[in-house]
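Chemist: Taking the hints into account, I'd like the entire structure generated from these sequences.
Protein chains: 2
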Amino acid sequence: MSLPLRVIQYGLGAMGSVMAKMILEKRDLKLVGAIAHHAEDAGKDVGEFIGLRKKIGVKVSHDPERLFRRVKADVVLHATVSYVPKVWEQIEPAVRAGLSVITIAEEMGYPFYKYPKLCRIMDRAAKKHGVSILGTGINPGFAMDVLPLLLTGICEEVWSIRVTRLINFAPFGAAIQKNIGIGMTPKAFRSGIASGKLPLHLGMPECVHEMADALQWKIDQIRETRRPVIAKRNVRVPGYKSVAKGTVVGFEHRCFGYTRGKVKILLEELGNVDPKLPYSNTVTIDGNPRLLEKMNVPMGNLTTTSHAVNVLPAVARARPGLLSMRDLPVVACLPHKRPRS
Amino acid sequence: MSLPLRVIQYGLGAMGSVMAKMILEKRDLKLVGAIAHHAEDAGKDVGEFIGLRKKIGVKVSHDPERLFRRVKADVVLHATVSYVPKVWEQIEPAVRAGLSVITIAEEMGYPFYKYPKLCRIMDRAAKKHGVSILGTGINPGFAMDVLPLLLTGICEEVWSIRVTRLINFAPFGAAIQKNIGIGMTPKAFRSGIASGKLPLHLGMPECVHEMADALQWKIDQIRETRRPVIAKRNVRVPGYKSVAKGTVVGFEHRCFGYTRGKVKILLEELGNVDPKLPYSNTVTIDGNPRLLEKMNVPMGNLTTTSHAVNVLPAVARARPGLLSMRDLPVVACLPHKRPRS
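Going down the list, the protein sequences come from chains G and H. If you use the numbering used here, the first sequence corresponds to residues 1 to 341, in order. If you use the numbering used here, the second sequence corresponds to residues 1 to 341, in order.
Derived by calculation from the structure, the hints in this document are not laboratory data. One thing to keep in mind: the hints can contain errors.
A pair holds if it fits inside one copy or across any two, identical chains being indistinguishable in the list.
[Said to hold, decoys possible] Derived BS3-like pairs (lysine-lysine); straight-line CA-CA distance at most 27 Å:
id : residue 1 : residue 2
1  : LYS117    : LYS262
2  : LYS294    : LYS276
3  : LYS86     : LYS128
4  : LYS197    : LYS114
5  : LYS241    : LYS128
6  : LYS30     : LYS218
7  : LYS55     : LYS44
8  : LYS128    : LYS114
9  : LYS232    : LYS262
10 : LYS337    : LYS218
11 : LYS59     : LYS86
12 : LYS245    : LYS276
13 : LYS276    : LYS72
14 : LYS197    : LYS86
15 : LYS128    : LYS30
16 : LYS218    : LYS21
Modeler: Here it is in structure tokens:
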């Protein structure tokens with residue numbers, strides 16, 4: 001692997017534009033191309049497009065296949081959609097062009113159980129072209145898989161795992177708040193859940209499978225529950241209309257992994273827009289010893305994009321194939337070009 | 001790598017005998033030999049020797065070279081001494097016999113800076129014989145290197161790192177308490193520090209170098225300070241004579257890693273025998289975002305031995321050479337033969 005690593009940013013939305021900025025800041029990375037969603041943005045300078053107020057000499061592309069063929073690159077950093085089939089449709093040309101891929105698509109965090117056939121196809125294609133494919137982010141990719149697994153490594157025995165993530169959605173803005181049902185009536189929320197229009201947090205079953213595989217546990221049932229949290233008073237959310245008493249102010253999304261009727265893994269994401277709610281990520285390892293670990297994990301956007309960018313060199317060095325975070329060594333923060341010391 | 005992995009336990013003292021018991025409990029491991037310190041223990045059954053009250057059909061050896069030549073094994077798990085030159089003297093015959101080695105010797109956690117020449121020798125020997133050598137434990141190996149590094153991976157930028165470990169030595173017994181100067185007069189403690197007879201916690205400079213290398217930071221100075229904590233009252237320690245007012249009841253051992261006069265990494269171990277003191281391990285990442293992580297890490301013995309045992313398969317699969325924890329994927333707890341579910 002020669003440095004700087006040449007990176008194409010696939011997707012320049014809320015996440016992708018942050019990742020493009022990070023790539024430009026990092027000493028060992030070089031942004032050599034970027035792909036936007038709308039045809040009319042093709043040809044614009046990426047620097048200006050992502051709000052840097054200066055040109056960087058790289059043009060926005062709307063033709064991925066052509067870009068992959070024409071630009072010399074090492075890795076594609078992908079941030080467009082969440083579901084595996086659509087991801088594969090988009091990244092297959094990159095793999096065929098000999099480029100490794102990192103995606104923040106939640107389902108790609110551990111796709112082997114939901115899409116076994118497609119995973120064999122992706123793995124074969126990656127190996128054929130000598131490249132690696134990895135899904136990562138803060139969750140999946142860290143909070144509910146890598147971090148708790150790391151903690152099990154210092155235990156003599158582990159019987160069950162619980163991860164609780166409190167997320168305050170107040171700073172995320174109205175669009176994301178709408179996606180999680182904020183302000184809905186309880187009835188509308190429940191029908192959104194039933195129809196699949198309100199998936200809430202994607203990727204928890206993937207994390208259950210990833211940890212169970214690493215621990216050699218046989219999980220024979222996975223169950224998800226999604227419940228609304230109803231406002232008991234009118235809640236003022238800065239930058240958002242108030243949430244009225246009796247409507248949805250948050251959610252409780254849980255994923256249970258069972259072995260013979262016993263909960264071995266419980267993952268829960270408790271989201272809320274009440275500005276007073278703290279962020280936290282708590283891992284409880286019921287084992288010998290019993291471990292209790294707690295940290296703040298602020299702003300999923302920043303940590304997801306940072307993790308995906310910091311893992312770039314490790315993926316460039318990794319064995320070919322469809323990988324998960326379990327295959328990679330510990331990821332550390334990459335240095336900036338001009339580090340503040 | 002074929003399972004079960006065949007393991008020789010080198011050292012059957014306080015740590016080694018716990019590791020031997022763990023190996024016997026794990027589904028994918030098989031204890032095929034064990035080496036004790038005293039010649040008179042040779043020939044005893046290992047099961048009885050480590051206090052299991054039953055024979056396991058493996059005899060205690062006092063002739064490592066002969067054991068390595070005669071017994072078919074994959075990895076040696078080493079737990080005898082703390083310093084690199086003596087470790088290498090003991091494990092070289094294992095490497096020459098084609099066995100990988102995991103040691104809990106603190107200095108082996110990241111020996112590349114203190115022993116560059118010896119590390120080249122160890123690395124060459126390991127590669128020549130196609131085996132891996134790794135130092136690990138809870139610290140070095142987890143608390144002040146792997147865990148904080150993992151946290152930096154979700155940050156956009158990191159400026160400095162602080163790890164504070166509070167350790168209650170009350171349950172460790174009189175021998176270990178004597179090693180850390182408990183009950184000494186402040187004067188005797190200080191002269192013990194000055195003469196090197198009271199090293200307190202070994203391995204912090206190693207952790208500083210390990211993290212700095214991973215983060216591509218240039219550390220130009222490392223400084224350690226060791227201070228006594230003086231009892232302000234008589235302190236009752238269960239299972240130990242009381243610590244008299246005015247004598248040493250604990251210590252503060254710090255290691256500072258500097259870049260151009262600025263502290264980039266601060267590691268501190270605060271030890272005490274006051275039974276009311278809690279265990280905790282706190283990591284502060286000064287970066288974007290700022291992270292604060294806290295966990296209990298009870299009883300260094302249990303977590304050190306567990307980590308060294310759980311890493312066995314990863315080391316058997318690793319590339320040949322002298323490794324550090326930075327080279328390995330996330331270590332998860334190995335399953336028991338008869339898991340409690």
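Chemist: Can you list which hints this structure breaks, lowest number first?
Modeler: 1, 5, 9 and 13
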